[in-house]
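Chains as they are written, first to last, in our numbering: chain A, 1110 to 1518; chain B, 1110 to 1518; chain C, 1110 to 1518; chain D, 1110 to 1518.
No lab work stands behind these hints, which were simulated from the structure alone. Fair warning: there could be bad hints in the mix.
One copy or two, it doesn't matter: identical chains are merged, so the pair holds either way.
Quick list of in silico lysine-lysine cross-link-like pairs, DSBU-like style, CA-CA up to 35 Å [unchecked claim]:
| no. | residue 1 | residue 2 |
| --- | --- | --- |
| 1 | K1461 | K1371 |
| 2 | K1496 | K1429 |
| 3 | K1116 | K1212 |
| 4 | K1366 | K1431 |
| 5 | K1212 | K1424 |
| 6 | K1212 | K1406 |
| 7 | K1371 | K1307 |
| 8 | K1366 | K1116 |
There are 4 protein chains.
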Amino acid sequence: MVFTTAKNSYLNDENGVRYIDFLCGAGAINYGHNNEHAKRAVLEYMSTDSILMSLDLHSTSKRAFIDAFQSIILEPRGYSYRMQFTSPTGTSVVESSIKLARKVTGRQNVIAFTNAYHGMSGVSLSLTGNRYHRQSISYGSVTRLPYDRYVDGLDSAELLRQYLRDPSSGVDHPAAVILESIQGEGGLNVASVEWMRKLRDITQEYGIPLIFDEVQAGCGRSGRFFSFERAGIEPDMVCLSKSIGGLGLPMAVLLIKSELDKWRPGEDNGTFRGNNLAFVAATEVLQRYWRDDAFQKALGEKETILRDGLADIAKRYPQKIKGVRGIGLMQGLEFHSGDDTSATIAECFAHKLVVESCGAYDQVLKIMPALTIEPEVLRDGIAIIAKACHRLFADSRADADIGAVAATV
Amino acid sequence: MVFTTAKNSYLNDENGVRYIDFLCGAGAINYGHNNEHAKRAVLEYMSTDSILMSLDLHSTSKRAFIDAFQSIILEPRGYSYRMQFTSPTGTSVVESSIKLARKVTGRQNVIAFTNAYHGMSGVSLSLTGNRYHRQSISYGSVTRLPYDRYVDGLDSAELLRQYLRDPSSGVDHPAAVILESIQGEGGLNVASVEWMRKLRDITQEYGIPLIFDEVQAGCGRSGRFFSFERAGIEPDMVCLSKSIGGLGLPMAVLLIKSELDKWRPGEDNGTFRGNNLAFVAATEVLQRYWRDDAFQKALGEKETILRDGLADIAKRYPQKIKGVRGIGLMQGLEFHSGDDTSATIAECFAHKLVVESCGAYDQVLKIMPALTIEPEVLRDGIAIIAKACHRLFADSRADADIGAVAATV
Amino acid sequence: MVFTTAKNSYLNDENGVRYIDFLCGAGAINYGHNNEHAKRAVLEYMSTDSILMSLDLHSTSKRAFIDAFQSIILEPRGYSYRMQFTSPTGTSVVESSIKLARKVTGRQNVIAFTNAYHGMSGVSLSLTGNRYHRQSISYGSVTRLPYDRYVDGLDSAELLRQYLRDPSSGVDHPAAVILESIQGEGGLNVASVEWMRKLRDITQEYGIPLIFDEVQAGCGRSGRFFSFERAGIEPDMVCLSKSIGGLGLPMAVLLIKSELDKWRPGEDNGTFRGNNLAFVAATEVLQRYWRDDAFQKALGEKETILRDGLADIAKRYPQKIKGVRGIGLMQGLEFHSGDDTSATIAECFAHKLVVESCGAYDQVLKIMPALTIEPEVLRDGIAIIAKACHRLFADSRADADIGAVAATV
Amino acid sequence: MVFTTAKNSYLNDENGVRYIDFLCGAGAINYGHNNEHAKRAVLEYMSTDSILMSLDLHSTSKRAFIDAFQSIILEPRGYSYRMQFTSPTGTSVVESSIKLARKVTGRQNVIAFTNAYHGMSGVSLSLTGNRYHRQSISYGSVTRLPYDRYVDGLDSAELLRQYLRDPSSGVDHPAAVILESIQGEGGLNVASVEWMRKLRDITQEYGIPLIFDEVQAGCGRSGRFFSFERAGIEPDMVCLSKSIGGLGLPMAVLLIKSELDKWRPGEDNGTFRGNNLAFVAATEVLQRYWRDDAFQKALGEKETILRDGLADIAKRYPQKIKGVRGIGLMQGLEFHSGDDTSATIAECFAHKLVVESCGAYDQVLKIMPALTIEPEVLRDGIAIIAKACHRLFADSRADADIGAVAATV
C-alpha cells in the first residue's frame, strides 16, 4: 500500500483507490490533508524564495506565528506563556520540557503515569509506558503513578500527595509531573476534571512543575484548543507538536511559564527548529479556524455525531465491545479482545477506511478524523465501521438491523 | 553518655549508672548483652588460638554454624535454602541479594515499598524510603509501591499485579520484590498475612524473586524465628544479619533457593565474611534457644505483657497516643506528634531506660527488649514508660490512676 | 535581525540587506537556500495535492528517495545498508542508532569522544561533550575517550584496545562506539585515516557496532558524500540528517548494516518520519549533484580556494591565529582566543557576512559555505574575513598588504 | 581444606597440617593471626562483660581508639582528620566516602582508575574494574581513567587536567577522585610519587575531593602506615579497614578533612559500627607497634629480604616471569601467563604455603606476609616459592642452582 495524494479527509493510493482517513497522521493532520488555505499560504511563501530554514534565528514567518498564537489562542483563554521552538517532533518538545524542569528544580525524579505515551527518544521513552517500545535498558529516575481510574478505588492524586508529604515514602520530590489529559496511545483514557485539578493543587503546594503533553490531544482534538481547558487549570509547561504545524509539517512548541524560563542563550538548541514552511501553515490555520468560536462549535456537533454513532455500534455487540471511549474527535470503541479490534481494522481497510488501534492490548479502535471533516464524510466513515462490525460479529438474528445502524450515522 | 559494660538487659555508663535497654543494638542483641552462653563459647574459642578470620574459606566454626542452622532452623520449618555468608552487615546482605536477583533475571528494576529501610550503601539506599538518608543523587531503577495499608482503600498487591499484567503500565518487570514483613525503622508497620501471600502468588506467577529483609524482624524478634513464618510462605531469598551473630558481632547470611544460586566462584566476595567469633556465638544461641519451642513460647508470653502494658498506657492518653503498633517484641506506641515521642524518650532516659523512636515522623516509640529479658525487667521498663507519660501528659484528674497503671505492668 | 528571503548563498533581512551565508543552517543548506531544482520539485509536488505527511507508511516520494539513494550513493561506493527513516532531526537519528545498538548487543555502555556533538535529547546529550549543554544530571553509561590527537603522545584507539582486552580495565564492553569523522561543533577536529581504520579494526575484533554521526560532516560537506570515505571503511551504522533533506527541510535517515536491523515492526516509531516534501527535495539533489563526479570535483576546487584563502589570513596574524583547521567546505581559522573569534564574527556581520564559531572555547571561526557556492562568492566571503581581520588585528606596518590579501582570494 | 587454628604466620587445618600464610586475610591480618597482645586485650575486655556492640554511640573502647589513632598515627605525621566509624567492611567505608563527596559537592560523577578494586556493594562495585565481579548492570556516573603507567606514553594525570580544563571534554567535574596508591587486587601496580602529587595538585586546583582507598595498602602494608605517605601528600579522605581492627575483626574508619564533614546527625548510619572488640584490638596494636619507628624499620628490612628473594627467583626464569612487582610487604612475581601463577600457587600449597594471585589475568603471585613475620619464616616461605618454581619451570641445566637460591632467601 503506497500513498500518493491526499486531500482533506481522503487518502489515495498509487492504484487510484480512495480511502477515508480516520488516522490523520496520528493526529498531525487535524485540518485535513493539503488543507487548501494552509497549502496556498505555503506555496505563496515558497514562490518568493522566502527563507525555509532559519535555525533558532528570527524570521518574519516565525514572528507572525508567535503573534497569532498569543493573540488568537493564549490571550482569549487568559493564559500567559513564553514560547520555545524546540526540535520539531513531539518527543523533542517533551525532552526539552523535562530538561528545563530538571534544570530549574535541581531535581532528577519525574512522575509519569501508567499507559503514558511521550515519545521514543531517551528521556521521553523513560516516561512512556509501553513495554514494546521500552527496552530492558536502564532509565533515569522516573516514578510511575497510576493514571486516573487505573485501578478501582484508588485516587492516585491522593497517593501522590501522601508520597510527597511522607518524608519516608521513598518517592523523591520530583522535577516535574507530566501527563496527557487524554491518553491517546494509552487507550483513550480521559482524566477527570477533579483529578486534574487535584494534581494542579498538589504540584502547586509542593512547587513541582506540572507539564501537559498536548502533542496528540491538543490543537482542538479534544473539542477545545487545549485538552486541559475543560479543567480550568493552567499548567506550568505545555508540549505542542503534531497538528500545531497546520499541514503535517514538522514543528513543535513548548509553552513555558515565564518564571521557569531559565534557559541560557542557545543552551537547548537544534537545527530544524526554524522550519518556516510549518510556521506559515501554522499561522494560517490559527487565523482561519480559531479567531472565533464557530470552528469549536462545529467540533462539538461532530463530537456528538461520532459518539452517537459509536454508541449505536457498541450496544449491538456487547459481547465484543466494552464501550465507547474518549472525547472530542478522539473517540473509539473498546473491544474485549485486541483480536477483534485488528479484525475490524482490516475489514474497514478492505472497505476503504484507514483507522488504527490503541491501548495496552491494542483493544481500542481509535477514531481521529480531521477536525475539518464534513459531517457526511464522518458519517460515511462510521458506517464503514458499523458494517465491518456487522460482518464480523453479527449473527443472523441481527442481520435485519444493520440497515438501521448505517442509516443512523 | 559513654557506655562501658553491659549484661543481658542492662547497660552501664562510665559513671556506674545502670539502664534498662529497650533498644538492644537496634535489634542486634536479641539474646542480651554479653549473653553468658555465647560469651563463654567465644572465650573458649579464642583461648585456643582458633582461627578468627577466614575470608570465604572453610573453618570448623563456619561448618558448625551451617549444620546448626540447617538442622535447628530450616529443616523443622520445612524450608530449604543455600547459605551465603555475605559481608557482615545488614546493608551488605541486601546488596548481595539484589545483585544476585539482577544477575539471575537479567533485569534491573527492583520493587521496594514506602517506609522501607534496607541500609545505607548504594543499592540498599536506593531501596530505602527515608529522605533524610537518601541524597538527591540518582538511583538505579527502583519502582516504589505502597506498603500494605499505606493509604486507605488501596490493595497494593493488586496494583502490582495490574502493573505486571498491563504491557503498557510503564513498570518494567522487576529483578526482585523486596520487603520487610514488619517495617522496623518505618514505624512498626505489620504486613497482613493475606497481603504477603498475595505477593508470593504474584511473584511466583511472574517469575520474580521475592526477597524478605529479615535483618531486624528476623531471629525471633517477631515472636517466630522468621517474621514471615506467620504467612506460611517461603521467600526466594532471605536476608539475615543483626542478631544472627548471637552476641552483636558483625555477621550476615543470605538464604537462597538453590535454583537462584548462580554465583560463580568468588564472584561476590569480601574480606570479613569469615568472622569466626560470630559463627561461634551464632551456633551457641541456636543450640541454646531454638532446639525446642520453649523459647518461642516464652516469647509469646512476653509479647502479651508488652502489648497489654502498652495498651494500658495508650488508652490513658488518647489525645497524645494513636495506638499500639507492632508484634512480638518489636512493639511500640504511636504518638500523634513526634515531639511527644521525643519528650517521652528523654523522660525515660532520665529514669534509666534506653528506648528509641521510629517512623517517618519519629512518631513511634519503638520497644525492642532482649528476647531473653526476664518478665519482671520487662515490666520495670514498661513502668518507666508509663510514668514518663504520666509526668508528661497527665492532667491532675488522671493523677490518681498512675499507681494502677504501674501496677498493671 | 529578522530574515525574510534567501537564495543560494545569500540571506536577506527585513530591511532588504543582503548577506553572504557561511553558516548555511549549521550545515543543513549544503545545496544553497531555496535551491532552484529542489524548490521546483517541491512546488510541483505540492501543487498536485501529493501526500505531505505519511507517518511510517509508504509513499511514492519515499520510494523514489530510497531508490535514488541506493543507486546514486550506496552502490557506486560499494556500501550496503538498510535505511531507517527516523524522526527528522540529527539528535533523533543518533537516539535511534544507540537504541538499536543497545538492543542488538544487550549492552548499555557507549563509547563517545571528547568534544563530540551528537545532539540535545536525552541519550544524545549524554554523548555530547559540551558542558554548557550538558546539565549536572545523571546520564546513562557512557565512557568518554580522547578523540584522535586530543593530547600529545596518546593513541586513543590503542587505549580503547587495551580497555577492551583487559578484563579488569573497568570499561565495560560497549554497545557501540560513536564518532564524527570531523568534529564540527567540537572545533573542526579531523580524525586521521589511520586512527579511523584502527577503530574499525578494533570494533570488528570485539563485535562492537561502529556508528558514524554524519549529521554535519556528511552529504558532501567534507568533499566526499560521506566524510569517512577517505578512510576506506564501512561503519555499521551511519546517521544522516541536516542536508540530506536537500532544502533544509527536516529529515533524517539511519543507515544500518542488515545484520543489525533487529527492529520489530513499529518498535521505534514517530510522527514526522514521513516528511514527503523533504523526500522530494532530497531525491532531486541526489539526482542533480551526485550522479557523476563533476560536483565532487568542483568541491575539491572550492576546498582549495578556501584553504589557500584562510592560510593567507592565518599567516598574517600568527600572534592571533593558530592556524587553519578542517577539510572540504568545513574549514576554519583557529584563534588563540575566543574573544578574537567573536570580534571577527561581529566585524564580518557588519560587513554582510554571516559566519559562526565552534570549538570548546568558541575559538574557531567556522566556515561552511553552500557546496554549490560560486567560486567568486566564496572569494567575496573570504575577503570579508580578511578585511575584518585586518581592521581588527593589523598594526600600521601591515596596512599595505591588505589589498594583496583581498586580491588573492 | 578446613582451617581450625592459626597463630602469627601459621595456619593449621583440621588434620593438624601447618601452613605458612602469605595471604593473611587478604591483608586483614597484618599483625599475625591471634596476635598475642591484641588477643589478650580482647579476652580481658570480654571477661568483664564490657560492652561488645554499641551502635554509633560512645563507648570507652571507642574513645581509647580515637585517642590512640590521633596521637600515635595522625599527629606525628602532621595529618589532621575527623574519624567516622563506618560499617565495618572495606566496601562500606568506600561507600560512605563517595556518598559524602557527592553530598558535599552536589556532583555525581566519580573518577576511578583501571584495575581498581574498591569492593562489591553497589557504589563500590561501580568503581571496581574487574569484569568478573561487575555485572552487566548499569552503574551511576563513573569516569574511568588509566592508572599510572597503564599504557606507554600516557600521563593520565595530565589527561585528567585536560578533561577538567576543557569545557567540552564531556567529562563532568567529578564529586571525587578515588584511588589506591598501590593496586593490590589489580596486580601490585604502584603509583609513582610524581603522579600522585600531580593528582593532588589538580584536584586541589579544581576543588575535587581526593580519596585514598587504603583498605589493603594501609596499616603498614606498604612499609609506612599510610601508603601515600611516600608522596608527601594529604588526601581529603582516607578509607581504612582490614588490618585497622588489629586481629582481623570487622572494622572500618573513614578519615575526613574537617571542612568536608557535612554529615547531619545519623545521616549515614549502620548497626555494626560499634564493634568494640575490634576497637580494643585496634588500640592495642597501635600502641604496641606504632609508638616509635622500630616496627617500621623492621618492615624495611623484611621488604628487602622479600625483594631480593623474589628478584633471585625472577632472574632464573625470565621466560616465565616478567619481574618483581610491589613495595613493602605487598610484593609479587608477575608471570607471563596466569596458568604459571596458578601452577605455582598449587605447588606452594602442596608444600604448605598459602599464597594467592592478583592482576587482571591472575598473572601476579601476590605475597602478603604478616608484618610481624619473623625474618626466618619469611625466608622459609620464599624458599617454598623458589622450590616450587624450580620444580615447575627449571630444565635440567638449572638443576644445580636451586640449592643456592633457597640458601639466598
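* Checking K1212 and K1406: alpha-carbon separation at most 35 Å within a copy, between copies, both or neither? -> Result: close neither inside a copy nor across copies, 41 Å intra and 48 Å inter.
* Status of K1307 relative to K1371 across identical chains (alpha carbons, at most 35 Å) -> within (27 Å within a copy, 38 Å between copies)
* **Alpha-carbon proximity between K1461 and K1371, which holds within one copy, between copies, both or neither at 35 Å** => Between copies, since 32 Å is at most 35 Å while 50 Å is not.
* Intra- versus inter-subunit Cα pairing at 35 Å for K1212 with K1424 -> For K1212 and K1424, the Cα distance exceeds 35 Å both inside one copy (50 Å) and across copies (44 Å).
* **Alpha-carbon proximity between K1366 and K1116, which holds within one copy, between copies, both or neither at 35 Å** => Classified as neither: same-chain Cα gap 37 Å, cross-chain 37 Å, threshold 35 Å.
* Up to 35 Å CA-CA - K1212 versus K1116, copy category -> The answer is neither: 43 Å in one copy and 39 Å across copies each exceed 35 Å.
* To do: Indicate which option fits the pair K1366, K1431 if close means a Cα-Cα distance not exceeding 35 Å: within, between, both or neither.
  => neither (40 Å within a copy, 44 Å between copies)
* To do: Using 35 Å as the alpha carbon limit, work out where K1496 and K1429 are close: within a copy, between copies, both or neither.
  => This pair counts as within: shortest intra-copy Cα distance 15 Å, inter-copy 68 Å.
The structure is inconsistent with the numbered hints 3, 4, 5, 6 and 8, although it conforms to all the rest.
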